[in-house]
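Quick mapping for you: the protein sequence lines, in order, are chains A and B. Heads up: the first sequence begins at 1 in our numbering, then just goes up one per residue. Heads up: the second sequence begins at 1001 in our numbering, then just goes up one per residue.
In case anyone wonders, no lab produced these hints; they're calculated from the structure. Certain hints may be false.
Below, in silico cross-link-like pairs of lysine-lysine (DSS-like), each with a Cα-Cα straight-line distance of 27 Å or less [as the list claims (entries may be wrong)]:
#	chain 1	residue 1	chain 2	residue 2
1	A	Lys-393	A	Lys-155
2	A	Lys-155	A	Lys-169
3	B	Lys-1268	B	Lys-1012
4	B	Lys-1075	A	Lys-169
5	B	Lys-1116	B	Lys-1144
6	A	Lys-271	A	Lys-322
7	B	Lys-1075	A	Lys-271
8	B	Lys-1180	B	Lys-1202
9	B	Lys-1202	A	Lys-169
10	A	Lys-271	A	Lys-169
11	A	Lys-271	A	Lys-393
12	B	Lys-1030	B	Lys-1090
13	A	Lys-54	A	Lys-155
14	A	Lys-54	A	Lys-109
15	B	Lys-1075	B	Lys-1030
16	A	Lys-109	B	Lys-1180
17	B	Lys-1180	A	Lys-108
18	B	Lys-1180	A	Lys-169
In this text the structure is predicted, and so the values were computed from the model without any measurement.
Spelled out from the first residue to the last, the chains are:
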Amino acid sequence: MKLTDLPDSRGHFGPYGGIFVAETLMAALEELRVEYDRARRDPAFMAEFEYELKHYVGRPSPIYHARRLSEAYGGAQIYLKREDLNHTGAHKINNTIGQALLARRMGKKRVIAETGAGQHGVASATVAARYGMECVVYMGAEDVARQAPNVFRMKLLGATVVPVSSGSKTLKDALNEAMRDWVTNVESTFYILGTAAGPHPYPMLVRDFQCVIGRECIEQMPELTGRQPDAVVACVGGGSNAIGIFHPYIPHEGVRLIGVEAGGSGVDSGKHAAPLTAGTPGVLHGFRSYLMQDENGQIIETHSVSAGLDYPGVGPEHSYLKDAGRAEYVAINDDEALAAFHDLCRFEGIIPALESSHAVAQAKKLAPTLRKDQIILVNLSGRGDKDINTVAKVSGITL
Amino acid sequence: MSRIGQTFTALKAQNRKALIPFITAGDPGKGMTVPLMHALVDAGADIIELGVPFSDPMADGPVIQRASERALANKVGLRDVLAMTAEFRKTNTTTPVVLMGYANPVERMGYETFAKAASEAGVDGVLTVDIPPEESAGVADVFKAHGLDPIFLLSPTTPESRIEQVAAAAGGFIYYVSLKGVTGSANLDTAEVAEKLAMVRKHCSLPVGVGFGIRDAATAEAVARIADAVVVGSRLIGEIESAPEGECVTRVRHLLADLRRGVDAATK
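Isolated chain B (complex conformation):
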């Protein structure tokens, strides 16, 4: 079983839900990512989503786009992200790392080359937001062959007839996008999400994580009541963006600990 699978199994045994923070690799600085990853784990992260910077992040809102721009200004590319993961793995061999990004940097490196390097670096899953299952025929197989879980999105607009097809291609967990829009949008309707998740679970046995629109402990708790995992991205990036120099890691640690309390409150 993959590290992601083991994590969900262990959490289930403890009647707990997963907390999955997202940060963009290389933001705010090249040397900040690994310390931030460790801080996230200390504060209660179960899985870390590491954003691979891309010049044209079409599915992201302004907050994550700015993080991408800062990381690119710091000259951080896919190879650096793999190096950061390898560095993180030197002292953490248990927390799964999922790379999240867009197709082109991976395409440019070559899917096979990337999968091999990612696996060696200690990456556990890959989510390329602009490769839907229809275009992933060869890609998902290459990832799986190297022990990487291919993670796919489902959204409010996904018709029921499509869920099985997506689930069949997926590994690790399903990422349910809670609302129509880009990352960092507001207006999360948990009742609507709950309804859709019930439908997803009819066709999919993988754990389901929910992201988009989770801003604080209260929304984290609400989502943890209905999902297997809570994904938080823009809120964390916003904290990184606004933190005075030197306080970034501390601020992120506090915010994540707060979100952790929210997630744990859901199963108390």
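Pulled out of the complex, with its shape left as it was, chain A reads as follows:
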């Protein structure tokens, strides 16, 4: 089977993916699978999705040649796919529009979502307002504290934000709680999952909605540079922005695909969120993939300066691409990501999300190893306004 033909009919990417949920959700996932299968072959549905991406999100997002950054990094030319310029400030909106249209098609009036950094929560609250749906967002209590601007944004948009105080109080616990809500209200509620993870069909449908990123790049790069890039670099938490830009490039064999995980205080320190770099396969949140776990199969608490990458699992397709050798995965530490954050601010006048700063930091490492006429395309998945409090705090500044 070709890499681009996955998953199989039951959501498997080789040994990864699948549907590992309690019985109560099986029927809902089947309903979603069937409805999505119809929707994606329905020209009216796809036309509306594309219309919304163009007129509401502002797509296509531009690709920008970061000349001063490239010069400073001393090697390959760095281009940025500007997902940060999307409405709501990140790639997350591509997926939430797709899922909200599905929810409407299925007659669901209530949507729920989990969020880490708050970007997916904001994107979910946004589409709920746009299509007139009730919205409840689950967010780890620790993330509520460190992403206050996004919490207020969600409330402005009419969503209810529920802080989750169980476990590590971060994204994984928010996901547990969203699943619990869904299992209780399964008939009235659509679960807008924020990343290319979870039980089938979510990894597939989130990827499909995010693939607009990579498809645009494949058209835009030759217009800008006369060819495709030598490497595509994207940060990986759950991995939706990365799979969105990687997937259309899979058949382009000359293009290296590099996913960047959160190295936290360093992979050797154990305080990180890099399951592909330092984890082992297991089952969590409805799917099999690389995980951060201990020898008893308990999930380990993760650490990253970036709330959006602070997740112990990763989308199953990334696990498959890693094993297949089609994509490479590396880890970038907090301090390296913060340095790249400041670089992009100072050299290009762009404040990037801390998540995306991990990808920029990898470009910083990669660029000097390449020739000046080679090209690195970085997916700048989100803007950094939401992170200014975190960056100030790390720098010892009180705003």
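On the provided structure of chain A, position chain B as indicated by the hints.
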């Protein structure tokens, strides 16, 4: 016939229904589980469900999640749960023990390694709540090969067309989840459950246990009228959680005896 099968056969001959208490292994303390298991049997348990602690119990409500967190704080993992079962078996060779938990601890140990160790420890059945029959192809066979009954869930949302598929993979008994929601939820509608059980029995010859929402002798009696077994979890864990130090075993014994009277009243 497995110990679970024998238990149901014997109960049927006596016109009685099974009472299946659930406790989380390692809660409230590592040394408390085996005494609690014996106390449950003394007070009328027919089968014991032993929860394997997991860091992310997605299908459980706050009560069982807290039990899991306490057990993990006590450093109790799957290997400890097997050791506790083996310890229990030293003095009890008749009461079936079913391990209930999530896929990952078993996945991490390896299905074959786990099945062999569980069988040797005296485990009779395994319910991994996040492995539906669709994902259990190899798993259920490995369990069966080691004499473990693979126990599966049915729920109010399970379509009739799926019941046979689940029943075909299952052994021991079917666990019918009485309501949409997580463990510890309220609002059990026994009329609705009865209707669904009638449908389940059309497609499944295994005994059917009902869990979720059973709070007291009255709800236990109502469920025992329509099911082959009554499963009680969160209510017991709540009792363990609120018991003053030293009184945990006594409190649990009293509560279970009360539930037993409820179950037996259904067939009087």
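Results for each hint:
no.: 1; hint: A:Lys-393 to A:Lys-155; verdict: 24 Å, holds
no.: 2; hint: A:Lys-155 to A:Lys-169; verdict: 20 Å, holds
no.: 3; hint: B:Lys-1268 to B:Lys-1012; verdict: 13 Å, holds
no.: 4; hint: B:Lys-1075 to A:Lys-169; verdict: 20 Å, holds
no.: 5; hint: B:Lys-1116 to B:Lys-1144; verdict: 11 Å, holds
no.: 6; hint: A:Lys-271 to A:Lys-322; verdict: 22 Å, holds
no.: 7; hint: B:Lys-1075 to A:Lys-271; verdict: 20 Å, holds
no.: 8; hint: B:Lys-1180 to B:Lys-1202; verdict: 22 Å, holds
no.: 9; hint: B:Lys-1202 to A:Lys-169; verdict: 44 Å, violated
no.: 10; hint: A:Lys-271 to A:Lys-169; verdict: 16 Å, holds
no.: 11; hint: A:Lys-271 to A:Lys-393; verdict: 19 Å, holds
no.: 12; hint: B:Lys-1030 to B:Lys-1090; verdict: 17 Å, holds
no.: 13; hint: A:Lys-54 to A:Lys-155; verdict: 26 Å, holds
no.: 14; hint: A:Lys-54 to A:Lys-109; verdict: 25 Å, holds
no.: 15; hint: B:Lys-1075 to B:Lys-1030; verdict: 8 Å, holds
no.: 16; hint: A:Lys-109 to B:Lys-1180; verdict: 18 Å, holds
no.: 17; hint: B:Lys-1180 to A:Lys-108; verdict: 17 Å, holds
no.: 18; hint: B:Lys-1180 to A:Lys-169; verdict: 25 Å, holds
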